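Residue strings, one per chain:
Number of protein chains: 2
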Amino acid sequence: MANNVIVGQSGGPTAVINSSLAGVFKTAKDLGADKVYGMRHGIQGFLEKNIIDMSEKIRTELDLELLKRTPSAFLGSCRFKLPEIEADKALYDKIFDILNEYEISAFFYIGGNDSMDTIKKLSDYACVINSPIRFMGVPKTIDNDLAVTDHTPGFGSAAKYIASATKEIIRDGLVYDIKNVTVIEIMGRNAGWLTGAAALAKGEDCEGVDLIYLPELPFDVDDFIVKIGELLQKKNSIVVAVSEGIRTAEGEYVFELTNHTEYVDSFGHKQLSGTARYLATLISEKFGCKSRSIELSTLQRCAGHLTSRVDITEAFQVGGSAVRAAFDGETGKMIILKRVSSEPYICTTDIYDVHEIANIEKKVPLDWITEGGTNVSQQLVNYIKPLIQAELTPIMITGQPRHIVVDMEQ
Amino acid sequence: MANNVIVGQSGGPTAVINSSLAGVFKTAKDLGADKVYGMRHGIQGFLEKNIIDMSEKIRTELDLELLKRTPSAFLGSCRFKLPEIEADKALYDKIFDILNEYEISAFFYIGGNDSMDTIKKLSDYACVINSPIRFMGVPKTIDNDLAVTDHTPGFGSAAKYIASATKEIIRDGLVYDIKNVTVIEIMGRNAGWLTGAAALAKGEDCEGVDLIYLPELPFDVDDFIVKIGELLQKKNSIVVAVSEGIRTAEGEYVFELTNHTEYVDSFGHKQLSGTARYLATLISEKFGCKSRSIELSTLQRCAGHLTSRVDITEAFQVGGSAVRAAFDGETGKMIILKRVSSEPYICTTDIYDVHEIANIEKKVPLDWITEGGTNVSQQLVNYIKPLIQAELTPIMITGQPRHIVVDMEQ
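Each protein sequence line maps, in turn, to chains R and E. For the first sequence, my numbering assigns the number 1 to the initial residue and increments by one for each residue that follows. For the second sequence, my numbering assigns the number 1 to the initial residue and increments by one for each residue that follows.
Worth double-checking, as some hints may not be accurate.
Since copy identity is lost for identical chains, a pair holds within one copy or between any two.
[As the list claims (entries may be wrong)] Below, computed lysine-lysine pairings styled on DSS-like, alpha-carbon distance capped at 30 Å: (1) 363 / 26; (2) 179 / 234; (3) 227 / 179.
Keep in mind that the hints were calculated from the coordinates and are not lab data. The model shown is predicted, which means the values in this text are computed figures rather than measured ones.
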């Protein structure tokens, strides 16, 4: 029987999720896998046998380097949570039928919380039916909210982009000799890791942001306005970083304080957006000064033109380590990153039971949030700093970062 | 008498306006200027004698390289239009008194339309009072709307950022196997050059945006919705680029079609923003599909981490050429860029009467807008392409682009 493996990507894209895909592909080939299959659009596409042979797409070392530098999930992604095993055993049988049809010995899933839930359920079911197929999780999320692992691949590059963009925005705000307030809105509904990264803009050549609000603590609009008023007494240009997910003590999202209903998607979900806009408008109304809101928006997760080399390397490593572990017989595990030391930064990989990781959200420790919830501690800065270091130079062709071609439309 | 010169920056910042400042500074020193003064916050700061000695800030070759790589105006900027000479002769006398006090022989102003108006008026007044002081304009604007010059420094880097970000956003949109529409909002109130740059995302590895709307032509909301509907029949992921300044046939800005009043600044001016948000919301309402709006926002003009080498080099050249021209006795002129050839791209500088440049807005030729106002021609792409080529590597320190320190708070 062939020794084939299959890999999928799931959840929100990042700038380096394809580096993990490259790590899985290359390590599997190096360790002697016959075929490395890729499922299009995660487990959802897998169920429709939307499956490709990765070797037909990644033919050369140049292809592999382009893949590492291409943001967004090369194989496509999905947001699809498997039902409980008891609820739909037929679905699980179907999955294992397909796995057996393709003679798969190991299944790799690159993703966040929900994706680890998939690994957990599939490895559990393999136990039940005595299948030898191994299931390994490869961590990925810009939100950095996975449990146990020191941090998640994707976070470092998003943090680097946020820090650098914030630094440039602060510089831009200094240009006029007038009072002005900029509110930057940063991703992260429940966990403030990304918003905290705005603190890294501060340095020898930048005074940094003035206020930072994470979603871990309730946000007090009145107190915010008082603080802005105090700052406006002292300086011209004020820059504030807020998480898109900040909520009042009553639990209401700040962006819901406007009476606009916008962005209701097809499921009727209000989309998270408008926090900075609401606050900037409020500031103009209260103080009559110039204000602007900037949503860092989608570029936080897809700015392949500015990635962290540490992050993109670790993304590759966790992909490769997952393959090695599976080939060593491990299953139902996720690769974690273990920080050996912060100074100098040394990090290694390990494997961990996915049951203790799936569906748990890791937030910023409350004692890393300072000054009454308006700043973050040096510990948080020290934690993030090694993760944004160095660059993987984009391959620039005709003035733009080159990506790998996706030519698998069905 | 000393041979001192003075330089100022005016109008909106760009990613390369400081490269022009570096060009003025270095060339003036090389050509034997005694002192190179910088006025803080343009002519407004000048009137308050907010003047620095540039040599105290730019001491080393490393400083000069950092200056070239630092976005936003190092000297600070202003939006200040001089009154007509007849209206306030005393103000002009005050300006010349200060110029004489500092023993200035040449005055350089880096800016756009309004800044060239300043050069025009000051050089006119020098004629009137028989002053030997020379006044030269150095072109700058991301909007590319200055007359006579082939293009303006600042535009190429903004275009490169827009093209690259658009390419990344298109890639991000492909990730899920569901219908989704992204509307990207790009700067440029009256001229569509920047929005047109989104067309450059298209290439061997990217299918490009689906629709582009420039402000040069009226925007028809109903027709837009019909086109989106047609596209949704054909493909999953649709990306549209719109100028922030698109207006209906009745002349109303699209962002004003919402009934929200937001962002009224202290002068009661509505700020341009919300066009993409309005359209994305409309699409969700009409089609029930996922939609999102992305404002490229301030980063278009301050993304020092991704500049065009052609642009940053030309920015330096126009600064230096202005100094050389002034030292040759020219006054009341602006440096222009003259494209000698597009393939291969060869460009040189020339000097041109500022009277024929000031206050004129150059728009995209209507025959470069195609497909009933929903796309741009290959001519526009060919025009922009040389301007985004190559990079000036940022100097990365601890994971972020390093900027020159501003330490001149008064």
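Verification of the supplied hints:
1. 363 / 26: Answer is neither: 33 Å inside a copy and 50 Å across each miss the 30 Å cutoff.
2. 179 / 234: within (10 Å within a copy, 49 Å between copies)
3. 227 / 179: within (15 Å within a copy, 43 Å between copies)
In this structure, the one hint that does not hold is number 1.
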